[in-house]
Each structure stands twice: as structure tokens, then as C-alpha cells.
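Chain B: place on chain F using the hints.
So the protein sequences, as listed, match chains F and B. Each residue of the first sequence is one higher than the one before, starting from 167 at the first, in the working numbering. Each residue of the second sequence is one higher than the one before, starting from 273 at the first, in the working numbering.
If you are wondering where the hints come from, they were derived from the structure by calculation, not from laboratory data. Heads up, a few of these hints could be off.
Capping the alpha-carbon separation at 25 angstroms, the derived lysine to aspartate or glutamate pairs in DMTMM-like fashion look like this [said to hold, decoys possible]:
1. B:672 to F:372
2. F:376 to B:452
3. F:209 to B:625
4. F:209 to B:517
5. F:209 to B:675
6. B:672 to F:499
7. F:568 to F:499
8. F:209 to B:520
9. B:672 to F:254
10. F:376 to F:256
11. F:209 to B:554
12. F:324 to F:363
13. F:268 to F:187
14. B:672 to F:256
15. B:672 to F:377
16. F:209 to B:562
17. F:211 to B:562
18. B:345 to B:327
19. F:211 to B:452
20. B:672 to B:564
21. F:211 to B:675
22. F:211 to B:520
23. B:620 to F:499
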Amino acid sequence: MALSMLCLAAGGIGLQAQSSDDLFNPAALQRIDLLVNSQDWEKLKQDFQENTYYPADLTWSGQTVRNAGIRSRGLGSRSGTKPGLRVDFDRYATDQTFLSLKSLVLDNLVQDASGVRESVTMRMFARLGVPAPRESFARVFVNNQLIGLYAVVESVDKDMLARTFGSVDGNVQNDGFLFEYNYLQGSPWRFEYLGADLDAYEPRFDPKTKEDKSASDKWGPIEELVRLVNETPGASLPAVLEPRLDVTAFLRYTAAQNLVAQEDGFTGYDGMNNFYFYRLEDSPQHVFIAWDEDNAFARQDFGITTRHDENVLMRKIMEWPDYRARYFTALQESANSAGQVEEGQSEGWLQAEMRRQLDLIGDAMREDPSKPYTNDDHAAARAAMLDFPNPRVNYVLCETTKALGQAPAPGVCP
Amino acid sequence: MIGLTLLVACGAEQAHAQSTDKRGFVWNDRPSIVFGEDLHVDLRARAAFDWRGFDPDVDEDLYDLNVLRVGLKGELTRHFDFEIERELDSDGEWTDWKDVYLNWDTFDAASVRGGRFKMPFGFEQNLSRTDLDFIYRSRISTQLTPARDRGVTVYGRALDRALTYEIGYFDTDGDLGKLEEPQFDTGEETRLGPTYAARVTGAVLRPLVGPDAALRSVRVGAAYTNGRLPEGLNSLRGESPYGFDYFEPVYVKGRRQRLGFELDWTPGPTSVRAEWIQTREDRLGQGLGDRDLSDVLGTGWYVSGTWIVTGQDKDQNISMRRAVIRGGPGAIELGVRYDVLGFGSASKDGPPERNPRAEHILENSDRIWTAGVNWYPMEHVKVVANAIHEDFEDSQRTPKAGETSFWSGVMRLQIVF
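The following block holds chain B by itself, in its conformation from the complex:
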């Protein structure tokens, strides 16, 4: 599988160089079908293979096919574009639909997207998995953001992209917010959602600095969601990168709200990114004796920095003029990230307890250092190595009870068209 994919990647590189015909099947950075000016469809594929090691051993698989997706992305006239993407499992069987949407983007200031796609919340979550600086997303991106759902958004940009906005209405609360535990049969509505979401970003320093200033690329943003949360063990959970639940769901009922702030700055070959997210879930009538409990909170943040030591500009697609097949080193990027995600209750009254109906929930958090190297040897191919150190707050809720610190190492080979 890996060899076949690499072979296709090398072939694509050569075909790209030979591509001259702009109609029919062409290589235009990736395989495409062009039907004239009004319609073209890119064929897309993504695969990522991981090799993992753990200390102490937590019985995880050494090899993992993390991503295997194929899709179509294209344009219908200058007014519409679309994307369809679906995942396959390691046996080649179809699994989840990913993006399936249609955009109407005649006007920059107000476009409309409908279908299934990522909700406008979370900077890192809205990056493609294969565009990340590290192998795994930060915990706040995987546990607190909603990710994809069926819905509609109005979005746009103004002031030469200095200001962007998105506002949307979604069916439930995203793939990451969905209900996973058995539900109560109370006769009441057990449906999650609908959820409203909004996100605004701005290049806030652009008016204040010159056209070549490093600070010009600073972009900050804020986002918010609000959705209906049915009664049950339905709170968000704390999960480590390898699937261990260090904070299991507690009983909730009412609304689920998210608030997030983001920073993205990409001066030259470097980048600095940071996010802070807090979720707040109601617990109406969820206490012993049916009394209301204080909100359950999920709070976390990360800050990361990267540096492309081979000098390419981070803000653009990383140039492959010095790719390995042209005799160069490709691009090599170093990165480090610290991220934290903890769960607890708004109330700190009385002794903290682990039970899912506690007024004062005993907190647990996962604090993670990630250091890594990204090597882009050629177009479409990326090799990533990450060292990860996790530190859990509650020694009774870790992948190995009584031990709080864990090291892991992950290598990934990914190929993307």
C-alpha cells in the first residue's frame, strides 16, 4: 500500500511536469478532469500511515492506517464549487462521509455553503488533518470542537480579506459533539441540537503596519456555538491522543456552549499559533434529589511554534523547487507545541468528587508537550516524526492507574493529492 502510493506520488510529479493539455484528464498539481471553462473536477486522495511506540506500554497497535480518503473537488461556473470526500477503512471498505457540500460564492461579502462540512469553530479543527504541523491535533481541537455536521452557513470576507466571518445553523452538534452513551427513555426529546455557530477573524494589525511588516500576517479570531443538549451522560469527554478517556462523560441537560479565541501568525518561514477554548454544559436537574448542578466546564489551550529551517515561506504552499527528485533536501520544518485540556465543574464548593452527578467534580487534565520534525521531500509527500510527553493530573484516571506521565513516539508517512 505504502509503496504503491509513493509510486503514484512520483508518477504524479513527472506527469505534472508533462501536463500541457488543459481539457480532459490532466495533471494540474493533482489529477483533474476539465470540461471546459465552466466545470472542472479534481480527483483527491489522502493517506497517512503511522508507526507508534509507547512508554509505558498501553497495548496500542504499533501500526495504524490513520487516514485513507478519496474525494472530488471542483467548480461549476464561477458561482459554485463543491467537495465530496469519503473515508475508507484498512480493508478498503467505505466508512464515513466527510465533506459533502456546495458553495455559492458569487459575492465575496456573502457566500452560502450547504451540506455536510466543518462547523465554523476552532482554527486547528478547520485545518485539514494532513495540513497540520503535528501528527495529532491538540486536545481542545479533538475534544471541544464540534467538527463536521449537516447545516448551512453564510460566510464572507471584507477589507481585502482582513475581516472574515461565518455564521451557521447545524442539525446536531458535529461529529465530535455527538452522543455516545445510552440515552434515558424519559419521553422527552432526546435529540442533540440544533446548534448555532459563528466565527469572526481579523488581521487586526494590518491597518497599523506597513505592507512588508512581519506583523501584517497576525490574525486573531473568536468563535461561539450554542446548541441544545438532551438529558443523559452526554457531556464532552477528555480523551488522550490514543483513545483513553481520562475524563468520562457526566450527566448534563440544557445547553452546550463553546467559546474560543485564536491567534495565527506566520512571519516568513516561521509560525506561531495559539487557541483557547472553553465549553460550558448545563446540568439542570442532574443532582441527587434532582437539584440543579453547576455547569461542567472543559477548558484548554495550546501554543505552538514552527520554523522551516530550509527557508521556505510558511504562509504560502511550501515551495518544492528544491524537492528531493530535483536534487534538493525538500523542506524541513521543526515544531514544538504545548497543549492542555482539563475538565471540571464551575462550582468548587465542598470536596471534589469523581461521580458523574457531583456538584464539585474532581478535575482531570492532560498536559502534552509535542516536539516534531516535518520533512517534505517532494510535492504531495510528507514525513513527520513527533515525540509526545503526556502528564495527567489525576493518577487514578490515566492509561495506567498510578502512573501519570507517558512518553510516545509517532512517525507518519502521508501522501496527499
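With the rest of the complex left out, here is chain F:
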């Protein structure tokens, strides 16, 4: 009896000690169980284009959170076979959290046969100091039936902001205006001025905090930023831009996206896409937060200024010599970081991280019954991923060296 009580107490302590860091532990392959009504699950799959919520119990590592809400999610990744899921812990129970999280995303990985593009990118971004969600992998079971391998993605919300931006004088920096950028099908946008009417900004910048504030509070500063970027001559740009945009963080973000050859990011092939936009607490200054990077690692020779001339903000920044130099410097530093051989490793950080993640998910990916690609496709994607880092790092180092007017190191440029 005493032993049982001791074990129970120890188990309880163990459970209580778990945190979101354990859930997002990059070294672990998790198991997540969802208990739902079978009719709800069929309806969610049938109506996967809709955002209807269904109740579910979620169990991870022996802990169950009841009364959560799940819904289909994604844009191009929506699937009726292997639905991407958003899990809201406070959907039916006000203020309920799980591991202090209000929600999380289960990314179905249907657009990436390698399975690791996004998670490697987010780890790379975090290493470079770019605000990015934490990610891990999990086998997801619904009613005890394996649905497949998913990426567990931290939601961009006030908790993530607190983790990312920390505290200033004891004040947690998570009470600003957070927007999810919405890509509008058939209406690509490249930071051109959309006019003074805030209605033009509302569908693109979906507020995730302070939803009840006025339109001018929410979108007014965005309209102002876009207008000033479009209307201000190059020489005057820093004075109007820097109070409204963290330029250093922006250059780091765009350089990081370029390093990983992201085709569908800020300078994406169909306009801007895949980011959150955050106006810092009690400040007019904005920062970008990375999101949905599964179109990264497009090609090794992805130009270091690809489509910069198409985007008004990027073009104007690159026209200013100081910013231009800082961008190339940031990109060069990113490449150096990606290629850095860490202690105990025999290859650069990016290559080692890719290999580690691919090895971690290998069995689960092959056992995934719902993935829309074959195991041979996965094997080919794995090989292509592992072929990427070294040539890419060399290419970026060579090109940035040229751009900065530096002498290339021996062997960097072919």
C-alpha cells in the first residue's frame, strides 16, 4: 500500500513536472491520442474545408486534457484523408490550458514527402534568432487507430509571444497587436499601397489579439506603414521606417528565408505569404514571425535576392546601401551558422539537424497509413534534403562575399 502510494506520488510529480518544453522536445517522437465521436471524425474528414469544431479528449504522455475542440486547418494542406488539425484547449472550457498552452497545431505533413522541411527550418530560424514556433513530431491516433505522422506546432499566440519577446521590467511583452497574414487566393500582394480604406487591410491581416479594438487601432498603423514605405523617397526611408518596423529583425528574417530557399515566404512566388505580423506592446514597431515554412529547400542555387525587386518593402530596403549591406551580412552569418560543425559532429549544423530529424521520423513516416505519397517518394525526398545544405551554404557564402565586395575564402566559389 505504502509502495503504491509512493509510486502514485512519484508518478504525479513526474506528470506535473512535464511542460510544453517536453511536448516540443525535438529529440523525441511523441504519441498523441485523440478520443472523438466517430461521427464527428467522419464529418470532420468529409467537411475538411470547413472550420467546424468538434469536442475531443487529448492524451499525451499519460496526461489527458478533456473537453478540447478540434477542427480541420490549413490552406493547400487541407485533407479529408489525413486532416491537419487545430486543437483549442479553451474552446469549450474558458481559460483551460494544457501544459500552459491554449492551443496547438497538428500539421499533417501532406505537402512534404520528406516530412522535415518545416521543422528543420523552424529550428534553423530559432538558431538565428528569428521568432518561430517550436515543433516536434508525433504519431497521432484517433480512437486508438493510427492516423499518421504529424508535426506538433506551437500556436502563435500570447504564450508564444511571451516566450519569444520575454519581459521588460517585469512586464511580459505579449500584449501587442498580433495578426495572422492571410494569403488571398487570386490576389497576390507585394506591399503595394492598398489605399486609405482600412477595409483593404482587414482580410489580409486577421487579428489574433485585441479583436475588439477599433479598426483604426488594429489596421491604422499597418496602413500607415504601407503608405509610408510606398511614398517615402529612399533617402528618407530609415527615418520613417525604423519607428514602425524592426528593420534588423526584418533583415534577419528575410535572410533566413533566403538561406533555406523558401519559395512561398515574404518574397514568395505569388506575393507575400506565411507569416504572423506583430505590433509590439505599447509601440508602433512591427516584427515578422515565421509560420508554415514547408516550401523551403526549393533549390540550392536560389538567388540571394530572388524576387526582391517585386516586393515594394524589400526593394526599397535593398535600395538603401546600409540596409543592403546589413541584409547580405545577415545572410552570410546565417550561412556560416548553418555550416558550422558543432562539437561531436562531423558535418555542418543544418545537415546534422536534417539527418537527425529524418532518422527520428523514418519508421513513423513509413508506417503512416494516410500519407499521400509512397515510401519511395519519402526516401527520394530524404536524399534530396540531405543533398541540400553543403552546396547551399557554399552558394550563399560565395554570393554574399561578392555582394559585400569581400575576397572569397578558398574553395567557397567554384
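Using the frame of chain F, we list chain B on its own:
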């Protein structure tokens, strides 16, 4: 519209006084067509216009044409009678059919009604909307009773009306019980109903008291329905008088049952009325992992009292001998009602939850005080003023999140032939 209707009402009053011919088109309390002894048809019309105010403001319209109906009601020989009534919208377009039925009532002890009409459940629900003591019915009458459906009943009375009964079979579960949410495509039968309904009332004190005793008019009753309930978000819902869903449907499957008790007592110019109703809906296989859940319950009651201060008898049609057009005050009636309707689950195990598949559903209820004045200035015309105070149990499910108490005021002008 209002002026025209009032004009017709005054004209009807005068025409009634002049009516002597009992064949053809006559005014016999209302416009009628008489074809001799075996057939007559009354032309009926009802209209009610509301003016409403809310605190806090919940974006409801200030004016509302609440009722606009026309119909025919008549007799075919002494064995049959019928009624046909249809609603119009504010643009004058036809909308819902209301009553469309034929009665065979040769025998008092056993008559038969077929067609579309109100199911025998709920005392207040079975009163005409324009015969109510208050502008809005109690919540149990609008949310828990089935109201009209297509079906057939056998009904009758005995012991000089001291005992009445109705028993019926209905196609679905009434207009108020119908399914409103998208249905699952499970391949199973998705049809609601059929529903069986029965109601018994009795003047239980009549044998015990003298012919002039006030308690002689006490009538109590009980009613029950039982119908098939298909799988889906198909439970009954809690809706405030102004259409806010304070309890949204939850997943159900199995049977829907109702049980109701009623009291009606109308001594002289006063009345006391009360009802208690509970609905019980199965949730077979509706839990997470498809386990059975405890029944979802809707439970409520009301008690009301009225007093005609001008002295007319409540039990009969209120006399208009002192109507305004004859120099009198008409009839003035004061009333107050308290009604409650709450929803939850039979099980109280574990923490209550708002999700529609919870074993222990977090309850929410609407508790309403209504105080009012009814003024009957003349035959066919009624003016009603009500003050309504609502109090919701769950502050997250109210017309304005975070606020639980609401005041509203409603005035109604209604004209009925």
C-alpha cells in the same frame, strides 16, 4: 396597417349591432358566411404589432409585426367542424400554414381530429397566441412543447366536461421540435418522429365542492409525448424571448420524451395558472469514443396570476358591455408571471462542460419575471404592455457576454376577429 385594422374593428362593432339577417354574409361577432343550418364559415383574421425596447441594447428591431393571419373556421352539419389558417409576412406574402384540420365530433366521449393542428401537450401552448395573458409565452411553452404537426387524435370529454382526454399520433415532433441543424449522412434513418402524445385534464375538486365554490374551476392535467429522435445536433434548445440561444443543441440519438403537469384556476375576475414540463432526450453513442451519455434534460415551470380590476369574469369571454365606444373603460387586467427554463444533463458526474458531447453538461437557464397590463377597450381589440426581466445563469451564454440581467419592455396592439 394599424389604422386600417382599427377602422375595420370599429366597423365590425357597429355592424354586429346592426346584424339581423342570419343567412349570407353576416356579422355574428365576426364576419361569417351562413349557408343555412348545415354550413357556416367564419372569416377570421388576427394581427399583432409590437413596440419593443431593450436594456442593454441587443440590436433587436424596435417594431415587429408579430402576428398576421387569416383563416376560415366553420361547421359542416352538426357532425363536423373545420379550421384553415395561414400566416402572412410583413410584405403580405403567404408564409406558414397554421391550423388545417377537420373534426368529427358526433360523440362527446370520442371525437376524431385529423390534419395539421397543435399536439395535445402544454396548456399555454394550446392557447391561441392572441388569447395569452402576456405578450410572450413562457419559455417552457415555446421551447419544450411540440406545437403543431400533421396527425390524428382521438379526444373526448366526460362527466359534464370534468374529465377530458386527447391521444394522438403525429408525423414528426411538431413545429417547435423540428430539426434545425445539418444532419449527419450516416445512411441511417434521419427522420424525426413519429411522435405519440396524450393529455388528460380533470376538474378534480368539482365533486368535492358546491356549485358556486371558487375551487370548482380548478383544473389540473398531465401530458406526455414520446417520439423517435435521429442522430445529430438535434436536442431542444434554450432560446430567449428575443431569439438568443442561451443553450445550443447538443448531440442526441434515441427517443425524445416530454412530461408535463398543468394547473388552471379562474375564480371570478382572477386566474392562477402553472405548468411544469421536463423533456428527456437520449444520447445513445454520442460520447467521445461513441460511448452512451446521460440524457439531456430541459426542465422548467411557470406560475402566473391575473386580476381583471374592472371586475369581468375571467372564465368567460370578457364582457364588453362597458366598452370604450359605449362610454366605459373596457376591461383592464393586471398580471404577473415568473418562469424558468434550464437545460443540462441527467448526470452530474465530473466537472460540467459546455461541449455538445459532455457527459455532464454545464447548465444554463433563463429566469424571467413578466409584469403586465392588458386593456380590452372594445370587442376584438387588445392593448398589452409588459415589462420583462431576464436573468441568465451562465454569464458566457447571454445576449451580451459577461452580463446576465436584461430588462425589456414590450407593447402590443392586437386585433382579432
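Evaluated hints:
1. B:672 to F:372: Judged against 25 angstroms, a Cα distance of about 23 angstroms means the pair holds.
2. F:376 to B:452: Violated, at about 33 angstroms.
3. F:209 to B:625: holds, 22 angstroms
4. F:209 to B:517: Holds, at roughly 24 angstroms.
5. F:209 to B:675: violated, 34 angstroms
6. B:672 to F:499: violated, 53 angstroms
7. F:568 to F:499: Distance ~14 angstroms between residue 568 of chain F and residue 499 of chain F Cα, so the pair holds.
8. F:209 to B:520: Holds - the C-alpha atoms of residue 520 of chain B and residue 209 of chain F are around 19 angstroms apart, at most 25 angstroms.
9. B:672 to F:254: holds, 23 angstroms
10. F:376 to F:256: holds, 17 angstroms
11. F:209 to B:554: Distance ~21 angstroms between residue 209 of chain F and residue 554 of chain B Cα, so the pair holds.
12. F:324 to F:363: Violated. Residue 324 of chain F to residue 363 of chain F sits at ~28 angstroms, over the 25 angstroms cutoff.
13. F:268 to F:187: holds, 14 angstroms
14. B:672 to F:256: holds, 20 angstroms
15. B:672 to F:377: With a Cα-Cα distance of about 16 angstroms, the restraint between residue 672 of chain B and residue 377 of chain F holds, given a limit of 25 angstroms.
16. F:209 to B:562: holds, 14 angstroms
17. F:211 to B:562: holds, 17 angstroms
18. B:345 to B:327: violated, 41 angstroms
19. F:211 to B:452: Judged against 25 angstroms, a Cα distance of about 22 angstroms means the pair holds.
20. B:672 to B:564: violated, 34 angstroms
21. F:211 to B:675: Outside the cut-off at roughly 37 angstroms; violated.
22. F:211 to B:520: holds, 23 angstroms
23. B:620 to F:499: The hint is violated at about 61 angstroms.
Comparing the model with each earlier hint shows violations of hints 2, 5, 6, 12, 18, 20, 21, 23; every other hint is respected.
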